[in-house]
Amino acid sequence: MATNPMHQFNVYKIGPEIKINGIDLSFTNSSLFMLISAISISIFLLLGTKDKKIIPGKFQLLSEMLYNFISKMISDTAGKKAKPYFPFIFSLFIFVLFCNMVGMLPYSFTVTSHIIVTLAFAMFIFIGVTILGFVIHGFKYLKIFVPSGVPVILLPIIMVIEIISYLSRPVSLSVRLFANMMAGHTMLKVFGGFVISLGLVAGWLPLTFSVALTGLEILVAFLQAYVFAILTCIYLNDALNLHH
Amino acid sequence: MIKIISLTTLLLLTLNTVFAAEAGMPQLDPTYWASQIFWLTIIFSGIYFLIAKIFVPKIKGNIDARESQIRKDIDEANSLKEEADRKLQKYNSLIDEAKLEARKILSDGRKKINEDIQSKKEQIEKDIQKETLEATKEIKKFKINSLNKVNIISEEIISDIIQDIFKEDLNKSSIKATVSEVMKERRNQI
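Same order as they appear, the protein sequences are chains D and X.
One point on numbering: in the working numbering, the residue at position 68 of the first sequence is 68, and numbering is uninterrupted.
One point on numbering: in the working numbering, the residue at position 92 of the second sequence is 336, and numbering is uninterrupted.
It is worth saying that the hints were derived from the structure and are not from the lab.
All values derive from a computational prediction rather than experimental measurement.
All C-beta atoms in this analysis are idealised placements derived from N, C-alpha and C, irrespective of residue type, glycine included.
A hint or two may mislead.
Stated by the list, open to error - A short, non-exhaustive set of chain D residues, derived as facing chain X with CB atoms under 10 Å: (1) 12; (2) 28; (3) 32; (4) 115; (5) 124; (6) 127; (7) 130; (8) 182.
Unchecked claim - As a list, the in silico DSS-like pairs of lysine-lysine whose alpha-carbon atoms are at most 30 Å apart: (9) D:81 - X:316; (10) X:304 - D:83; (11) D:50 - X:297; (12) X:316 - D:52; (13) D:53 - X:316; (14) X:302 - X:316; (15) D:72 - X:297; (16) X:374 - D:72; (17) D:80 - X:302; (18) D:83 - X:384; (19) D:81 - X:302; (20) D:72 - X:325; (21) D:72 - X:393; (22) X:316 - D:50; (23) X:387 - D:53; (24) X:384 - D:52; (25) X:302 - D:83; (26) D:53 - X:325; (27) X:428 - D:58; (28) D:80 - D:52; (29) X:385 - D:53; (30) D:81 - X:297; (31) D:143 - D:81; (32) X:297 - D:83; (33) X:393 - X:355; (34) D:50 - X:302; (35) D:52 - X:387; (36) D:50 - X:304; (37) X:304 - D:80; (38) X:304 - D:81; (39) D:80 - X:297; (40) X:428 - D:52.
Model the full assembly from the supplied sequences, consistent with the hints where possible.
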């Protein structure tokens with residue numbers, strides 16, 4: 001085997017070492033690809049908002065479709081109250097999507113395949129939503145752990161389950177994205193390695209798999225960004241409209 | 245989801261034994277965690293502010309502008325349609341009125357013509373009657389006249405004949421009386 005399939009996830013610093021209070025904050029390849037994604041998003045949206053046409057061009061149409069897509073997603077899951085959080089959900093979706101998509105380019109780095117990145121997002125969302133819930137509903141927000149219509153005897157067990165499920169939200173949210181991205185890229189790399197090691201004779205089979213997997217991974221990249229955004233919307237909905 | 249995660253872990257476990265060159269998952273190496281969070285915060289905040297302050301309002305503006313334009317166009321189209329409907333109604337009512345008027349004129353004309361024909365007919369009939377009456381009268385007169393003339397002629401012829409035959413003048417009044425008597429007989433015969 002030529003290279004380690006996990007090698008692609010290595011983080012190494014680019015440029016000088018930056019240390020603040022003994023914490024290494026150096027610019028790394030991960031930071032570089034975050035930057036590339038951010039710049040790609042800016043260029044895409046710049047092209048999409050350059051012209052103000054009644055009949056949109058390709059980029060304008062794309063950006064407006066994206067806007068409508070996320071707008072519909074938010075109004076479907078979290079209702080009208082979630083409107084102020086539209087830019088955040090929009091940024092979140094497009095950033096995760098672009099990170100995933102940039103990661104699909106050969107020799108690139110997938111920012112979202114690192115647990116710490118997705119966990120940072122998930123923790124931010126989790127803490128933000130929890131604070132929002134307490135700010136809007138006060139201590140009544142704790143009702144989220146007490147579903148209505150549950151027999152009193154079952155209540156303690158249900159409450160424990162609800163609390164655990166609530167607390168595991170950031171974990172499931174972050175691990176879902178991270179694991180999907182890592183698994184996909186590892187598989188691609190493994191099959192890519194097989195193409196070389198099996199050579200001209202039998203290498204066609206893993207190559208076919210590789211091509212098919214690339215298609216699948218692009219789908220997964222979109223799907224995971226969508227799932228990440230829609231779960232954020234659902235958590236937001238719980239905090240905005242207390243249903244339990 | 246569980247499938248993928250378990251597959252990944254299985255894959256990783258087997259891979260770790262196969263590719264023992266590098267240690268485990270680089271994701272779990274905490275060396276650059278702080279750096280990743282730090283740069284993520286900076287870059288994501290940057291892109292968030294760009295999107296929130298510039299791009300989303302711009303896209304929203306575009307969509308709103310298009311919607312208002314479309315609404316305006318639809319309103320205009322509706323008002324035009326209403327006007328067209330109104331015009332059509334007006335036109336229809338005008339046509340109906342004109343038809344009614346035409347029918348009225350037609351029936352009036354027919355009536356008038358009928359009356360005219362009737363009156364002319366009556367007039368002509370009257371005239372014919374009058375003419376006939378006059379003609380009858382004239383014929384009667386003419387008959388009488390002609391009879392009188394026949395009398396006179398007869399008298400003259402008779403007197404001439406008598407004169408030619410008898411070579412003498414007869415009393416004119418006696419001839420006249422005889423002729424008128426014969427004529428009266430004849431007239432009675434007629």
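Do the alpha carbons of residue 302 of chain X and residue 316 of chain X lie within 30 Å of each other, as the hint requires? Holds, at roughly 21 Å.
What's the verdict on residue 316 of chain X and residue 52 of chain D, does the C-alpha distance respect the 30 Å limit or exceed it? Distance ~17 Å between residue 316 of chain X and residue 52 of chain D Cα, so the pair holds.
Given residue 130 of chain D as an interface hint, is the shortest Cβ-Cβ distance to chain X below 10 Å? For residue 130 of chain D, the interface hint is violated, since the closest Cβ of chain X sits about 19 Å away, which is over 10 Å.
Against chain X, is residue 124 of chain D within 10 Å by beta-carbon distance? Because about 9 Å separates residue 124 of chain D from the closest Cβ in chain X, which is inside the 10 Å limit, the hint holds.
What's the verdict on residue 80 of chain D and residue 52 of chain D, does the C-alpha distance respect the 30 Å limit or exceed it? holds (27 Å)
Tell me if the straight-line CA distance from residue 143 of chain D to residue 81 of chain D falls inside 30 Å. Between residue 143 of chain D and residue 81 of chain D the Cα gap is close to 19 Å, so the pair holds against 30 Å.
Does residue 302 of chain X sit within 30 Å of residue 81 of chain D, going by the straight-line distance between their CA atoms? Since the Cα atoms of residue 81 of chain D and residue 302 of chain X sit roughly 22 Å apart, the hinted pair holds (cutoff 30 Å).
For the pair supplied as a hint, residue 428 of chain X and residue 52 of chain D, confirm whether the alpha-carbon distance does not exceed 30 Å. violated (129 Å)
Quickly compare the C-alpha distance for residue 81 of chain D and residue 316 of chain X to 30 Å and report which way the hint goes. holds (29 Å)
Given the hint that residue 53 of chain D pairs with residue 325 of chain X, does the C-alpha gap stay at or below 30 Å? holds (27 Å)
Any CB of chain X closer than 10 Å to the CB of residue 28 of chain D? holds (5 Å)
Would you check the hint for residue 50 of chain D and residue 297 of chain X, treating anything up to 30 Å between C-alpha atoms as holding? Distance ~15 Å between residue 50 of chain D and residue 297 of chain X Cα, so the pair holds.
In summary, the structure is inconsistent with hints 6, 7, 16, 18, 20, 21, 23, 24, 27, 29, 33, 35, 40 from the numbered list given earlier, while agreeing with the others.
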